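*Asks:* Here's the letter readout for the chains.
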Amino acid sequence: MWRAMVRDLRAHRGRLAMTLASIVLGVAFVVSSWVLADSTAASVRATDLRSDVDVVVSGHDLTDADLADLAALPGVSAARGVLAGRAALVGADGKLVAGPHDTAGTGWDRTDRFVLTAGREPRGPGEVAAADGTELSTGDTARVFLADGRQVRATVVGTFGYRTVGSEPAPRLAYDQDSARSMFGSYHWIELTGEHIAVPPAPGRQVDTARALGEQATADAEAAAGSTRETLLAFAAVALLVGGFVIANTFAMLVTQRVRQYALLRAVGATRRQVRRAVLGEAAALGAAGATGGVLLGLALAFTALVLAQDDTEFVVSPLGILVGYAVGVGVTVVAAHACARRAATVAPVAALRTDALTPPHRTRRVRVAAGLLLVAAGVATVAATSGVDDLGTTERIVGLVGGIVAWLGVLVLAPELSAALRPVAALLTRLGGPATRLGARNALRDPRRTAATSSALLVGLALVCAFATLGETMVSMFGDTVRATVPATTTVLRPAAGDEPLGTDVLDRVRDTPGVTGAAAQRYGSATVATGGRTTVSAIEPDAFGTLLTPPLVAGTADLRTGFVVGTNEAAMLGVGLGDQVTLDFDGERVTRPVVGLHTTTEAQPLFYLDVAAAPAWLRDRTTTVYATGTDPAAVRTALDRAFAGRPDVRVTDREGVIDEDMGEFAAVLAVMYAMFGAAVVIAIFGVVNTLALSVLERRREIGVLRAVGARRRLVRRAVRVESLVICGYGGITGIVVGVGFGAVMQHVMLGRELFAISVPYLVIGVSLAGMVAVGVLAALWPARRAARTDVLVAIATR
Amino acid sequence: MCPVTTTTAAGADGLTKVYGEGEARVVALDDVTVDFHSGQFTAIMGPSGSGKSTLMHCVAGLDTPSSGRVRLGEVDLSGLSDDQLTAVRRDRVGFVFQAFNLLPTLTALENITLPLDLAGRRPDPALVDAIVAAVGLGDRLGHRPAQLSGGQQQRVACARALVTSPDVVFADEPTGALDSRSSAALLALLRRGVDEFGRTVVLVTHDPAAAAYADRVLFLADGRLAGELTEPTANRVLDRMKTLERVA
Ligand SMILES: Nc1ncnc2c1ncn2[C@@H]1O[C@H](COP(=O)(O)OP(=O)(O)OP(=O)(O)O)[C@@H](O)[C@H]1O
Ligand SMILES: [Mg+2]
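If you read the sequences in order, they're chains P and Y.
Using the UniProt record's numbering, the first residue of the first sequence is number 1, and each one after it goes up by one.
Using the UniProt record's numbering, the first residue of the second sequence is number 1, and each one after it goes up by one.
Treat the hints as calculated values from the structure; they're not laboratory data.
Since we're looking at a predicted model, the values are computed, not measured.
Check the hints yourself; a few may be wrong.
[As the list claims (entries may be wrong)] Just a sample of chain Y residues kept apart from chain P, beta carbon distances all over 12 Å, derived:
{"no.": "1", "residue": "Val88"}
{"no.": "2", "residue": "Thr113"}
{"no.": "3", "residue": "Val132"}
{"no.": "4", "residue": "Glu228"}
{"no.": "5", "residue": "Glu245"}
{"no.": "6", "residue": "Arg246"}
[To be verified] Derived list of chain P stretches under chain Y, where covered just means 3 residues or more per stretch with a C-beta under 8 Å from a C-beta of chain Y:
{"no.": "7", "region": "435 to 442"}
{"no.": "8", "region": "702 to 709"}
We put the beta carbon where it would ideally sit given N, CA and C, even for glycine.
Let the hints inform the model, and build the full structure from the sequences given.
*Replies:* Structure follows, in structure tokens:
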């Protein structure tokens, strides 16, 4: 019997090609994710860390006195202060190179930090050594901006490789000690060498052993790799889920085609179990074949990605990754084929003798409808229950999201029955269209289960795309709204040209000194820990700025920062605090306790806490992240500021619309990556459509023969297959879009804490999805339609 | 022997059909020249493998001859493209096969009018009504083929073959899977196609009783014509068949 099945499998090679392809893609996704994560983790593990340091003391404003104290501690044989500070490098194009810049400048020393790779060390003012990979070489001029806005030029006299103690960012430029002292001021950290060192604790000071930092670096890298892996695997799971639909559908069709064969097997003595096992065995074999292809493709993909990335990451293949690939490939296939195997086993031996009864019975229909309805009802009810709540807590958010997912699953379960909704559509098509349309539409409706199963794959793919598009679009419009509400159009905004690092400390004063400017304030954006909750975001700002330069919409209390915090309503809800309650923020050890005096509406993209700058820790006061300015003639202010900062590539002068565009541009890029990831699922869905059409065409060879005999041209046969394809894709696509937008509404509701129906519909993405759906329909039909049109009339009508 | 007729609806000149090559070479038709007269019911008989189906397929434009010419009405089929052949089939030929004649997704009536649909022609309501009445399906016209008996399905196929007013209706063992009563109903329908609707019918059959419905019976043996009978009766046909099989 096994031999019969294997032969059968081989004979059906062509029919299984698409299924195989979908397994290959899903497994390849998993394996390449795994390999990429392993490889990045391994390369971090492989970088050699320094061994000439035992303890690192870091903190704000470490002085020579601190250095002397530490050097005098028992057991310390050597103590070195490391000078480091902002050195924002200007590239050849006159723009700032990509960050980080905050500790990009340091002082040269003869420790294991530096390994000279060319030239010599910097010896005096006007000389600098550049790190490998900065695109600076000996003889070039390095132009940097310091933390105070000063510009420094130096000639590159050498290049170096850098070794870290832990995961601290490597500096880019090293100046001689004296220059570095004048440029960066205090020590960034102090390195101690020796044995049994016990550093007494002091506020704002952190003491770590080098070994702990090294272990931390490895752990961080592994955690990062792990989260990369998880993210990629989440996308891979979607691809596999969609692939599962394709596989299940293929087996459903194969089982239907082979009912007589199973009946014969049963008639000659095979038990139900044997039949079921045979089908499952077939699935396992197919899964293994697909997994082999998937593992190979996955390795190739990961390798290509690493080669293209060019960051000399090592290519690491762990046996576990390959094992997971096989487990996933075989597992998904067997699970997907399971229902069909059971169905095959229920074929009665008498079916071999009958000419009708060609489909094994579906017993689960009523159960399926009931389950589907129940899921949808439960999901919708759950979402509805949480939708009335204004300020959602964490639990309500999670419950709401689960409700959305449950309703979605319900739709998937109901899909075959929902396709009854296609009947009127088909009737209409029949009335309007010619014979090809009629035949195609009816063929699509012939087996609602098959149509639904085929389009479910597309449903899942497109629903995800549309859900994230809805979330994204809503976020974009919400972000725009909040920025517009918070920043008046008359305010000129100055922000760092690259990254989130602070502006030069001189910027605020220079803005104030610019002619025409009557009001200027700086926002110092940072994060802190709420004593009763998690991390939050804080903006320390001059109290005067409130209401003029910045106008966060206040919903309760006062905007007077002198008396306390102004907090976002959503954050207040999450923390469970209200007006008058005392809140303590912990800034890396420095605590600030104040009452909540006002509540403002905000989004997660804006600071959640506003704090009087006078009450902020000293180090935060200098971390100006944004400067706001205005004057009696705002347009003149803008022009004057443009001119004043023309020579400052580290500062971007803009306004609120510029802020929106810039930030949303980054966000759009993230969304685009996400769409690309879901793209794999959509591709697999296309395979599914091709697969169904091809198998249907094979099944209907006789019909097509008759059609051709009575006068249908090849073109008509092709068109009929295309219509069928379009109906299938249209069903999956439109259901997907509807479900996606609905789920997107739930997502934005629970994630952004907005009203359930306050969504911005992503018309562009929906438009592209609809167009894509039609394109997929046409594309998927190409090959099956060609095959159908080539049907040999004589072979098809032969009775034997 | 042939009755004098004015026109031929279809015919073949020196038709030869060879399948395969070398060892596997089979000459299915060997230089067959034949005419099917307009308004006549012709039956083709012969032992199994004698080339009956092949002859029909070639004359109907379903298959291409190895050599020789085929005429359908005034059209010479040699050298026509697939689309042209398709159009000829659609407009000039009707078919009834032994089984699997109907498209399962279309109703009986839709199956009947399918060739008109394909051609984009409006059906002539009077003709359709008359044919439908002759089929005798009554209220079952809206049913799908799966809901009809084998005999009813074959009658629907027969109506479909008549509805385009083709030059020739070809039927290859249409009664092969039917009992004698259903067979009789189907053959009567074909006969009415000739008598009432003026069609030309070519019927391939193994059944002498079926051949008795024809005006003329052609006999084939080993891919060649082996005589014919006019005004056949079941007994005369049976006698002739016996001789043929003895010779073979
Ligand atoms: N596609 C083919 N390839 C090879 N040989 C063929 C093919 N079709 C028919 N033949 C051969 O041609 C000969 C004539 O076949 P044909 O089907 O015309 O016979 P027939 O008279 O219709 O027989 P039956 O009464 O059994 O239907 C046979 O010997 C057959 O084996
Ligand atoms: Mg035959």
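*Asks:* Each hint needs a verdict: does it hold in this structure or not?
*Replies:* Against the structure, the hints:
1. Val88: 9 Å, violated
2. Thr113: 10 Å, violated
3. Val132: Correct as stated: the minimum Cβ-Cβ distance to chain P is 17 Å, above 12 Å.
4. Glu228: 26 Å, holds
5. Glu245: Consistent with the label, glutamate 245/Y stays out of reach of chain P, its closest Cβ about 21 Å off (over 12 Å).
6. Arg246: 26 Å, holds
7. 435 to 442: holds (count 4)
8. 702 to 709: With 6 residues in contact (Cβ-Cβ under 8 Å with chain Y), the coverage given for the region 702 to 709 of chain P holds.
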